[in-house]
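J.: Residue numbers (the numbering used here), protein chains in the order written: chain A, 16 to 310; chain B, 13 to 383; chain C, 5 to 521.
Any given hint might turn out to be false.
Cut-off 35 Å, straight-line C-alpha distance, at most; resulting in silico cross-link-like pairs (DSBU-like, lysine-lysine) [stated by the list, open to error]:
1. K398/C - K224/B
2. K395/C - K298/A
3. K149/C - K250/B
4. K149/C - K298/A
5. K436/C - K250/B
6. K149/C - K224/B
7. K190/A - K323/C
8. K398/C - K24/B
9. K125/C - K239/A
10. K436/C - K224/B
11. K155/C - K241/A
12. K103/A - K395/C
13. K224/B - K125/C
14. K250/B - K138/C
15. K224/B - K440/C
16. K155/C - K239/A
17. K125/C - K241/A
18. K417/C - K250/B
19. K190/A - K24/B
20. K250/B - K125/C
21. K103/A - K138/C
22. K298/A - K290/C
23. K250/B - K395/C
24. K250/B - K239/A
25. K190/A - K383/C
26. K239/A - K323/C
27. K395/C - K164/A
Rather than coming from a laboratory, the hints here were simulated on the basis of the structure.
If you want the building blocks of each chain, they are given just below.
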Amino acid sequence: MEFLASGVQIFESTLRVSTPLLFAALGGLLSERSGVVNIALEGMMLIGGFGAAAVALSTQSPVAGAFGAIFCGALFAILYGLFVIELKADQIVAGTAFNMLAAGVTPFLMKVFYDSSTSTPSLPLELRFQQGPVWISWVCLGLVWAWLKYTPSGLWVRIAGEHPEALDSAGIRVKRVRWISVILSGCLAGLGGASLSIFLASSFSRNMTAGRGFMALAALIFGKWKPVPTAIACLLFGFFDALQIRLQGVVLWGSEPVPVQFIQVLPYLVTVLVLAGVVGQSKAPRSLGVPFQAN
Amino acid sequence: MRFKEKLPQILKPLISIMVGLSLGLLVTKIAGEDPWNVLEILVRGAFGSRYDFGMTLFYTTPLIFTGLSVAFAFHSGLFNIGAEGQLAMGALSVAAVGILFPNAPGFLAPVLGVLAAVVGGGIWGAIPGWLRARRGSHEVINTIMLNFIAAGLTSWVTLYLLKNPDSQNPETAAVAPSYLIRQFSFFDGAPVSMAFFVALMAAFVVWFILWKTVLGFEIRAVGQSESAARSAGIDAAKMRMLAMAIAGGLAGLVGVGEVMGNADRFRVGFSPGYGFTGIAVALLARNRPFAIVASALLFGALHKGASELDLETENVTRDLSLILQALVILCVSAEGVWDLAGERYKLLIKKKWIRSAPSPELAEEHYSPKV
Amino acid sequence: MIPAVEFRRLNKSFHGVHANVDISFKVMKGTIHAIIGENGAGKSTAMKMLYGTYQPDQGEILIHGKSWGGKPKSWTSPLDAIRSGIGMVHQHFMLSAPHTALDNILLGVETSHPFFSFLPKSLRPISRVQAQVKLDRIADQYGLKVDWSAKVENLSVGIQQRIEILKLLYRDAEILILDEPTAVLTPQETSELFAQLKKLCQLGKTVLIITHKLKEVMSIADHVTVFRAGRVVGEREISETNIEELATLMVGRKVRLQADAPPPPQVKEPVLEISGVSLAARHGLKNVSFQVKAGEIVGISGVEGNGQAELLQVLLHPKDHTESMTGEVKVLGKSTAGMTTEQVKELGVGVIPDDRLRDGLLLDRPVRDNFLLGLQRRKPFSRAGILSYSKLSKEVSRAIEEYDIRPPLQQAKASLLSGGNQQKIVIAREFKYSPKFLIASQPTRGVDVGAIEFIHKRILKARQEGSGVLLISSELDEILALSDRILVMFDGRILAEFKRGEATEQALGLRMGGAVS
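Could you put together the complete structure from these sequences and hints?
T.: Right, dumping it as C-alpha cells:
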C-alpha cells in the first residue's frame, strides 16, 4: 500500500517537474524545426521565470505573471532572432551569449527592483499556480502537434528546416517563418520559466533553471524533433528528476545513501547514447543551423 | 595589400569590444549608476594595485587555456562547448593524482600533475571527438551533455571517493605538498602561479602546432573542408579525434593553476564558467593563439574588475561582467553587420583577376556550411 | 503577335561585377526557347530576374506585353512571378526530401475546406483531398503520373523532375523555365522529358530552357538566344542555324569540338586491375571488372548516379568500404584492400575529383596551401613533421608559371580564382610527382573553353609519358575524344566496352540508358 502511495506521489511529481521541460522543449522544437538552433532555451527560461515572478508580484495575479513570462520570453527571442536570423551570427555562439546575458541580466534586475541579487520576494501560495501549468503544457503540446501537422504554416515551418530554398521558391518568406517560430519558441520557453518560478517554487532565484533549458534540448533530441516523442522524453526526464529528489539521502542498500548523481546525469547520458545511435536514431532537420540568405 | 587585408581584421574586434562595453555600461544607468564611475571601478579593480593585477592574471590564466581549447577544436571544424566539463575532469584528475601518489618526489610531482590534467581533460574531450568521427553525432550537443555528466561525475567522485573528511564543503582532501607550485610574492598574495607561464607556453605550442607542423596543416585542412582533406589522403576522423583530445587537454590544464597553484584541492563548482567564457575569448581572438592571450586578459580583467562592483556600488553587482561578456560576444559574432557596413572590403584582390562575369549560380551550387 | 516574355535592356551587377549587360530578347507564346551560354555567361542571372529571385538594376521585363508595375524593382519575390504565371524548375530541385510529393506540390498554395474560412489562411487545415482531385486532372491532361503520397527521397530523379513540372502546372503557370533540365537524366529520360515539353507547348504553354548542350538545343528548341560574358550575342531560329555556329557564338571564337589524340604509346602492364567488385550501397556497384594499363586512357561514360561516384570511393577510400565491398582492387600490382587513402595515393595515384570545390580545394585558403594539400608529408615540403614554407614557396611559383595560373599570387584565396584556374591548381598538385595512375573525374566541368583544351592536352601528355588514366565523364564528346577504350556504366554495372573509333554517340547513348545489345 505504501509502495502504491509512493508510486502515485512519484507520478504526480513527475507530471509537475516535467512541465517546465515540456514547455521549453516545445519551444525548442518550433525553433529547430524551422532551422534555427536554440541553445538559448536556458536563457529564455530564465528571463521568462523572472518576468513571471516580477509581474505576478506587482499585479498580484499569477495569470498576469504568465503573460509577463510570455512577453519577456518573446522579447528575448526577438533579440535572439535579430542576431541569428537577420545578422547571421553563428547560432551556437549567439545562443551561448544569450544564456550568459540572461544569467547576468536577471540578477542585475533583481538587484535594481528588489535590492537582492539572489532571489525575488516570496509569493504567497494563493498567488502561485496550483495545477494549471501542467494542463496548459499538455494543451500546448496538442496545439503544436496539430499546427505542424495540419496547417499550411505548420508545413512551412517543417520545410523551412529541411529545404528553405524550396520554401522560398514557392514564394514564402523563409525568414518570416523562422521569425515566427523563434518568437513562439521564446513564448513557450518563457512559460517554462514561469512554471519554475510561480508554480513549482514561490519565487525566482538566481540561475533557477540550473540546466533545465539544456535538458529540454536533450528531450527534444531524444524525441527526434517530433512533438509527441519529445513530450514522452520530457516525462521520462521528469521522472528521473522526481526519483532523484525522492531518493536524496535515502539508504536503499548497504550503509551509504544512494548516489543520486547517477540519476541526475541519466537524461544527458541517454541523449548522448541516442545521438550516437546506440538507442535508436535521431536525425536533425537538414538545414538546422544554416542561416538563410535570400538572393 | 597585406596591410589592407589585415586592417579590418584588427579593427573589427576592437570596434566590437567598444560597442559591446559601451552598451553594457549604459545598462548600468538603468540601475542609477554613473557609467563612467562603473568603468573607473572596473579598471581600478582590475589593475589598481599589484594584488588586483595579480588577481586579473589569476583569472586570465584559465581563460587562456579554455580559449586555446575552443580555438584548437575550431580549427578542426568542431565547436567545443565542453571546455567546462573538460576543465573539471582535468582538475579532478590533478587532485586524484595528488592524493593517491603523495610520495612522488618534489621534481616529479608537478610534472605528474600537469600530465594528469592533460589526460583527464583530454579523455573528456576525446569522447565527443570520437562520437563525431565514428558515430557522426554532433559535437555541440554532445559537449553540452558531457558538461552535465562531468558535473555529476566529479561531484560523485569528490563526495564518495576523495572527500575531505574535515569539511562540510563539497571538496576533496588536499593534495600532497610536493604538488604545489610557486606563487609569486610580487603580487601581494594574489594566487598567480607558474600556471600563468604554462598558459603562455601553451599558446606558443598551439601556434607552432597549427601553423608550422604537418599535423596542424592537416587539422586545419579538415576544419576547412572535410571532403577535400579526405580526398587528399588525410584521415579526417583521426584528425578530429586528435584535435578534440588536444582541446580537452588544454582545457584540463586549468586544473594545474586551480589545484596546484590555488586551492590545493578540487572544489566542486570552482569554475565560474571559464569554459563558456573561453568561447568568447577564442571568438574575439579569431582563434589566433597569441591574440587569445590578449583577449583572455581582457575578459580576466572584466571578471576581476566586476567583482569590486558588489562593494563599491549601490545597485550593480558582479553579474555585470556576464552582461558585458555576452554583449561583446554578440557584437563580435554579428557578421551580418559588416556585410551591411561594407561589402566591398571582401573584394581585396584586384578586380581584373576575378572572373569577368561572376557566376552566382556556380557559387550557390557549391555553398556548404563549414560546421 | 505579342511575345509571352520580353526582356528590355536588363542590367544586373554583383559587387561591381556585371553579370548582365543590356539583355534584350523576346520569347513567343507556345514555343520552346533555348538560352545557351557557358558557365557564368549570365543566363541563370537573367532567368532568376524573370523569376523574381533577383531584381534588375535597370531595364524591364514584359509579360504578355505588360510590364509588371512599371518599375523594375516592383518584382520583389518569386511570389509575384508565380502570380503572373511564371514557374521555374531549378537545376537543383526545390523539393524537401522527407515530405510527400503532394506536400511539395501544394507548398505555398494550400487549399482548405470552406468550413474553416473563419481562420486566417495560414492556419486553415490543409485539404489534401481537394488538391489531389485537381492534380489528378492535370496529370491526366499532360500525361504526368506520380504517386502523390510517396516521399520524395524514395523517388527517382526523373520522377522528381516530373513533380517539379507538376508544381508549376498546379500553380497554373503559363511560362515554364527549366534550368539545365537534362544534367541528371539518362538519354531515355531526356527524350521522355522532351516529349512532355512538346506536349505542353501544343497545349499553349511557353517553355524556356537554359542549357549548354547544343545537340539538345537543336533537337527540341524553336528559337535560341546565346549569352556570352553577360551579354546577348546572338539570336537564331533553330531551322536556320547549326551546332558549329552556336558553338562559335557561345565561345566567341572558332572552337575545335574534338581534341586530336596522338597515337597511343606502347601499352604496358596494368596500373589498375578491378575484378568482381561489388559494393552494397544505394547506387552500388555490381560485379565490376576492368583494367587500365600504363599508357592508355580508359573512359567511363554514363549518366551520373550510375555508380561512378561509388567507383571513385572504392578506389580512393578502400578502408572505409572494407565491410560493404567484395572483389579485388589492385593498383600497380598491389591489392588495396584495407588501405587508407594516403596509402593508396602513395602508390603513385593522382586524382582530379569531379567536384573540385568540395573535394579538391580549400576555398578560403591561399593558392599556396592548396598546392600543398596532399603533399604535406612529402619531402621537401616537410621534414620530421615540420613544414618548410620556403621550399613550398619556390615550388608554388614554379607551378604558377608552368600552368599559367592567374592571378599569379601565392596568397590569393582559391575561392577568388576562376574555375579553370582552380582546376589548374589541382592538376599542378596532382601531377607534381608524375602519377603512374591518374584518375580524372569530370576534369573539365565548369571550366572555360580555353582551360578545357589545356586540361585535355595535359591528360594526353600524361598518357604519352606512360601513365594509365581512368577518365570518368558524362560529356560524351570528351570521352570520345580522349579515350582509347570506353566503358559504359549503368546501374552499377559495366554494360559495354568499345575501342577507340568503334563507338558512336548513338551506341553509347543507348547503352547509357541501359539497353543491352
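J.: Next, verify each hint and record whether it holds.
T.: Hint check:
As the CA atoms of K398/C and K224/B are separated by approximately 17 Å, the hinted pair is consistent with the 35 Å bound. Of the pairs offered as hints, the one joining K395/C and K298/A is violated, with about 46 Å between alpha carbons and a cut-off of 35 Å exceeded. For the hint linking K149/C to K250/B, the alpha-carbon distance of about 48 Å lies beyond 35 Å, and the restraint is violated. Between K149/C and K298/A, the direct Cα distance comes to roughly 31 Å. Compliance with the 35 Å bound is thereby established for this hinted pair.
Between the alpha carbons of K436/C and K250/B the distance comes to roughly 26 Å, so the proposed pair stays at or under 35 Å and holds. Using a Cα cut-off of 35 Å, the hinted pair K149/C and K224/B is violated, with the two alpha carbons roughly 60 Å apart. As the CA atoms of K190/A and K323/C are separated by approximately 43 Å, the hinted pair breaks the 35 Å bound. Between the alpha carbons of K398/C and K24/B the distance comes to roughly 34 Å, so the proposed pair stays at or under 35 Å and holds.
Under the criterion of a C-alpha separation no larger than 35 Å, the hint pairing K125/C with K239/A is consistent with the structure, at around 29 Å. Between K436/C and K224/B, the direct Cα distance comes to roughly 22 Å. Compliance with the 35 Å bound is thereby established for this hinted pair. Between K155/C and K241/A the CA atoms are separated by roughly 18 Å; this keeps the pair inside 35 Å, and the hint holds. Our distance criterion of 35 Å between C-alpha atoms is broken by K103/A and K395/C, whose separation comes to about 40 Å.
In summary, the hint linking K224/B to K125/C is not supported, as the alpha carbons are separated by about 60 Å, beyond the 35 Å threshold. Note on K250/B and K138/C: the hinted pairing is violated, with a Cα-Cα distance of about 54 Å set against a maximum of 35 Å. Of the supplied pair hints, the one linking K224/B and K440/C holds, its CA atoms being roughly 31 Å apart against a limit of 35 Å. A hinted pair counts as satisfied when its Cα atoms are at most 35 Å apart, and K155/C with K239/A qualifies at roughly 19 Å.
For the suggested pair K125/C and K241/A, the alpha carbons sit about 24 Å apart, so the restraint of at most 35 Å is met. A hinted pair counts as satisfied when its Cα atoms are at most 35 Å apart, and K417/C with K250/B qualifies at roughly 27 Å. Only pairs whose Cα atoms come within 35 Å are accepted, and K190/A paired with K24/B is accepted, the gap being roughly 27 Å. For the proposed pair K250/B and K125/C, the alpha carbon gap of about 52 Å is over 35 Å, so the pair is violated.
Pair hint K103/A plus K138/C does not hold up; C-alpha atoms about 40 Å apart against a cutoff of 35 Å. Annotation: proposed proximity of K298/A to K290/C holds, straight-line Cα distance about 30 Å (limit 35 Å). At roughly 28 Å between alpha-carbon atoms, K250/B and K395/C fall within 35 Å of each other, so this suggested pair holds. The hinted pair formed by K250/B and K239/A meets the criterion: a straight-line CA distance of about 28 Å does not exceed 35 Å.
Of the pairs offered as hints, the one joining K190/A and K383/C is violated, with about 51 Å between alpha carbons and a cut-off of 35 Å exceeded. Taking the CA atoms of K239/A and K323/C, the gap is near 31 Å; set against the 35 Å cutoff, the hint holds. With a C-alpha separation of about 61 Å, the suggested pairing of K395/C with K164/A is violated against the 35 Å cut-off.
Hint compliance for this structure: hints 2, 3, 6, 7, 12, 13, 14, 20, 21, 25, 27 are broken, all remaining hints hold.
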